[in-house]
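Number of protein chains: 2
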Amino acid sequence: MAQTGLNMSRRIRRTPYTGRAEAHGVRGYSVVNHMLLPKAYAASVEEDYWHLREHVQVWDVGCQRQVQVTGPDAAELVQLMTPRDLRRIPDGQGLYIPLIDEHAGMINDPVLLKLEDDKFWLSIADSDVLLFAKGIAFGRGLDVLVEEPDVFPLAVQGPKAETLMTELFGDEIAALPYFGFGTFDMLGTRQVIARSGYSKQGGFEIYLEGGHLGGALWDLVWEAGRALDIRPGCPNLIERIEGGLMSYGNEFTRANNPLECGFKRYCHLEDGIDYIGREALLKIAEDGPERHIMGVTFGGEALSGVAVPLAVMAEDGTVIGEVTSGIWSPRLGCNVGMSMIARGHWDAGTRITVRDTDGKLRDGTVSSLPF
Amino acid sequence: MAQTGLNMSRRIRRTPYTGRAEAHGVRGYSVVNHMLLPKAYAASVEEDYWHLREHVQVWDVGCQRQVQVTGPDAAELVQLMTPRDLRRIPDGQGLYIPLIDEHAGMINDPVLLKLEDDKFWLSIADSDVLLFAKGIAFGRGLDVLVEEPDVFPLAVQGPKAETLMTELFGDEIAALPYFGFGTFDMLGTRQVIARSGYSKQGGFEIYLEGGHLGGALWDLVWEAGRALDIRPGCPNLIERIEGGLMSYGNEFTRANNPLECGFKRYCHLEDGIDYIGREALLKIAEDGPERHIMGVTFGGEALSGVAVPLAVMAEDGTVIGEVTSGIWSPRLGCNVGMSMIARGHWDAGTRITVRDTDGKLRDGTVSSLPF
Chain A
3 MAQTGLNMSR
13 RIRRTPYTGR
23 AEAHGVRGYS
33 VVNHMLLPKA
43 YAASVEEDYW
53 HLREHVQVWD
63 VGCQRQVQVT
73 GPDAAELVQL
83 MTPRDLRRIP
93 DGQGLYIPLI
103 DEHAGMINDP
113 VLLKLEDDKF
123 WLSIADSDVL
133 LFAKGIAFGR
143 GLDVLVEEPD
153 VFPLAVQGPK
163 AETLMTELFG
173 DEIAALPYFG
183 FGTFDMLGTR
193 QVIARSGYSK
203 QGGFEIYLEG
213 GHLGGALWDL
223 VWEAGRALDI
233 RPGCPNLIER
243 IEGGLMSYGN
253 EFTRANNPLE
263 CGFKRYCHLE
273 DGIDYIGREA
283 LLKIAEDGPE
293 RHIMGVTFGG
303 EALSGVAVPL
313 AVMAEDGTVI
323 GEVTSGIWSP
333 RLGCNVGMSM
343 IARGHWDAGT
353 RITVRDTDGK
363 LRDGTVSSLP
373 F
Chain B
3 MAQTGLNMSR
13 RIRRTPYTGR
23 AEAHGVRGYS
33 VVNHMLLPKA
43 YAASVEEDYW
53 HLREHVQVWD
63 VGCQRQVQVT
73 GPDAAELVQL
83 MTPRDLRRIP
93 DGQGLYIPLI
103 DEHAGMINDP
113 VLLKLEDDKF
123 WLSIADSDVL
133 LFAKGIAFGR
143 GLDVLVEEPD
153 VFPLAVQGPK
163 AETLMTELFG
173 DEIAALPYFG
183 FGTFDMLGTR
193 QVIARSGYSK
203 QGGFEIYLEG
213 GHLGGALWDL
223 VWEAGRALDI
233 RPGCPNLIER
243 IEGGLMSYGN
253 EFTRANNPLE
263 CGFKRYCHLE
273 DGIDYIGREA
283 LLKIAEDGPE
293 RHIMGVTFGG
303 EALSGVAVPL
313 AVMAEDGTVI
323 GEVTSGIWSP
333 RLGCNVGMSM
343 IARGHWDAGT
353 RITVRDTDGK
363 LRDGTVSSLP
373 F
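Sequences listed follow chains A and B, in order.
According to my numbering, the stretch in the first sequence is residues 3 to 373, in order.
According to my numbering, the stretch in the second sequence is residues 3 to 373, in order.
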């Protein structure tokens with residue numbers, strides 16, 4: 003992946019784990035929610051990929067900021083922000099919810115934790131959902147508090163994550179379903195842990211409340227992981243793309259609606275609930291989306307990443323999409339990427355070409371996701 | 003300034019000028035509004051400082067995104083977001099406006115351009131004001147469109163900026179008052195130019211509408227600047243601090259109110275206008291702010307920047323603030339920084355100590371701003 007220098011300042015906030023990441027030799031970051039996200043340690047992306055698929059890693063994902071909504075109108079405010087029907091949320095079950103604006107454009111795609119009837123956390127991707135929520139609350143005169151609590155997720159990912167977490171927190175944690183969460187004793191506190199994370203290798207996210215405990219939590223996980231070949235890690239570009247995990251700002255933006263993103267099952271299109279963008283979304287559903295997120299495989303030299311989207315073309319040269327994330331897959335032996343693909347071209351198996359940054363054309367094929 | 007690697011992705015958006023910045027050897031960025039801000043070229047911060055004070059520079063500040071508010075209720079929406087009285091804005095006059103939330107916490111500090119009675123641009127610092135505005139508009143049912151237009155500011159800064167801009171746009175541009183703006187012919191289009199910018203050395207910002215013209219505009223400015231020793235530049239940390247120019251996310255955050263930031267003259271505290279946070283702001287005004295932004299000068303080794311705020315202590319050891327931006331001033335021969343300073347300690351001349359990242363104490367003094 004292309005990398006250049008990042009100048010540090012207070013505005014690019016550190017997490018409670020940044021010191022540990024530095025001690026482990028972090029050599030590259032991204033910036034998410036005005037906060038550092040480690041993106042590279044000593045290992046290459048490919049070494050890191052194989053390790054993540056076989057062992058266990060600890061990830062500083064403190065940048066997954068929580069937007070905490072509390073108060074008598076909290077449920078109403080959260081529902082206004084998403085087309086997903088929130089009327090019956092099972093206890094202890096996190097929900098992936100698309101947030102949209104008045105044009106049904108994607109605002110964010112957080113995981114929602116309903117902690118109490120009047121207390122919610124939205125664990126957000128890279129946009130200031132807090133300001134969106136504050137604006138709506140003010141405009142509607144809702145009786146809520148919208149805050150960024152002192153909560154910083156730490157992820158434990160990989161096939162050995164369950165072994166590690168069971169050692170620390172007992173068998174109860176192994177009973178958590180996918181996206182399920184519960185509270186567990188830790189460092190003299192009770193903390194929320196969910197079976198979730200930004201990989202397809204299994205794992206957990208600890209929603210640490212109390213940033214001052216960050217170093218102690220990292221060390222706790224690290225010590226328990228020593229026998230399991232634990233390493234510091236981060237969302238891995240190869241694994242993420244192979245797994246079809248989209249990234250807000252990369253695969254989709256406010257220019258995309260949730261139907262294009264494959265979120266139809268999270269969109270309530272009947273009567274019964276009120277949310278921003280409902281009319282626009284109904285219209286899009288009626289017409290059918292004009293594009294849809296798909297995988298693409300393509301040949302040529304091994305890509306190390308995509309900083310500038312690569313045009314995707316039909317056989318007649320028409321531009322039908324752009325690869326927004328892409329990299330060489332050592333397992334599949336080709337480049338893999340994700341692209342919105344125009345209607346009429348999105349069937350898996352469709353032959354396409356991808357235009358390289360230097361103008362060269364590479365033959366490729368539309369694929370379903372995950373690869 | 004501490005620097006490490008930045009991993010590139012589409013989410014960290016390029017500007018229309020990024021290619022030119024790369025061609026000029028940019029070697030470090032910050033990220034503002036999910037977009038690249040060049041922060042370092044070949045010259046050291048100090049070399050760049052002296053050059054900026056004597057010559058002219060072209061800055062890629064495309065990251066100063068515009069939030070465009072249009073429609074019959076546009077003026078109402080913009081007024082709701084700020085305590086500054088917007089009832090009488092002189093034509094062609096940009097206004098610096100603090101934006102606050104319901105607790106009177108700072109949301110952003112944009113420059114507002116009123117382009118027409120029902121068309122406004124907010125040229126923002128680093129937070130998603132667009133989402134705040136959309137939320138309020140939805141909640142209140144306002145008849146507005148809130149969008150991010152295809153507008154990317156390019157700054158021309160330094161004492162020779164007026165010579166350069168006059169050559170390109172004629173004498174009319176020299177008549178612009180501070181923060182005044184007008185429209186000028188450029189590359190076959192009409193474009194907004196303001197006398198403004200994030201330095202105290204004078205200069206202009208071209209609000210280029212049409213990102214595809216970015217390269218051509220950069221080249222136009224560059225050619226006109228050759229005889230004036232033009233260089234690619236960026237907000238300079240030494241010059242910014244000496245000039246007392248605060249930065250949202252650094253000197254102040256949502257935890258600070260506008261009175262602490264020295265924005266009292268932008269706060270309408272009488273009856274007559276309605277805005278978010280008015281009650282909270284009135285209460286703060288009544289009690290008086292608990293801290294205020296000030297300068298601090300301090301000794302010891304030359305600082306190259308501040309990534310983690312440095313505690314500021316009174317003579318009895320009480321923590322009374324923290325240096326959020328700081329650097330060695332070659333002109334003043336000491337370190338200079340900015341800090342919120344607690345009430346009772348903020349008089350210029352008050353002796354303080356600054357605690358270094360390694361725990362060492364440095365003697366210093368509270369100063370007025372600018373230095």
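It should be emphasised that the hints constitute simulated quantities derived from the structure, not laboratory data.
Incorrect hints may have been included.
Each pair may be met inside one copy or between any two copies, as identical chains are not told apart.
[As the list claims (entries may be wrong)] Pairs of lysine to any residue, SDA-like flavour, derived with a Cα cap of 25 angstroms: (1) K285 <-> P372; (2) K121 <-> R142; (3) K121 <-> R55; (4) K121 <-> G141; (5) K362 <-> H214; (6) K202 <-> K266; (7) K121 <-> G290; (8) K121 <-> G73; (9) K202 <-> A226; (10) K362 <-> R15; (11) K362 <-> G21; (12) K266 <-> D145; (13) K121 <-> A257; (14) K121 <-> R233; (15) K362 <-> T191; (16) K266 <-> V310; (17) K285 <-> D145; (18) K362 <-> R233; (19) K362 <-> E317; (20) K202 <-> L215; (21) K266 <-> L88; (22) K285 <-> E150; (23) K285 <-> Y180; (24) K121 <-> L170; (25) K202 <-> R12; (26) K121 <-> H105.
Handout entry: List of violated hint numbers, smallest to largest
Key = 1, 3, 7, 12, 14, 15, 16, 18, 20, 23, 24
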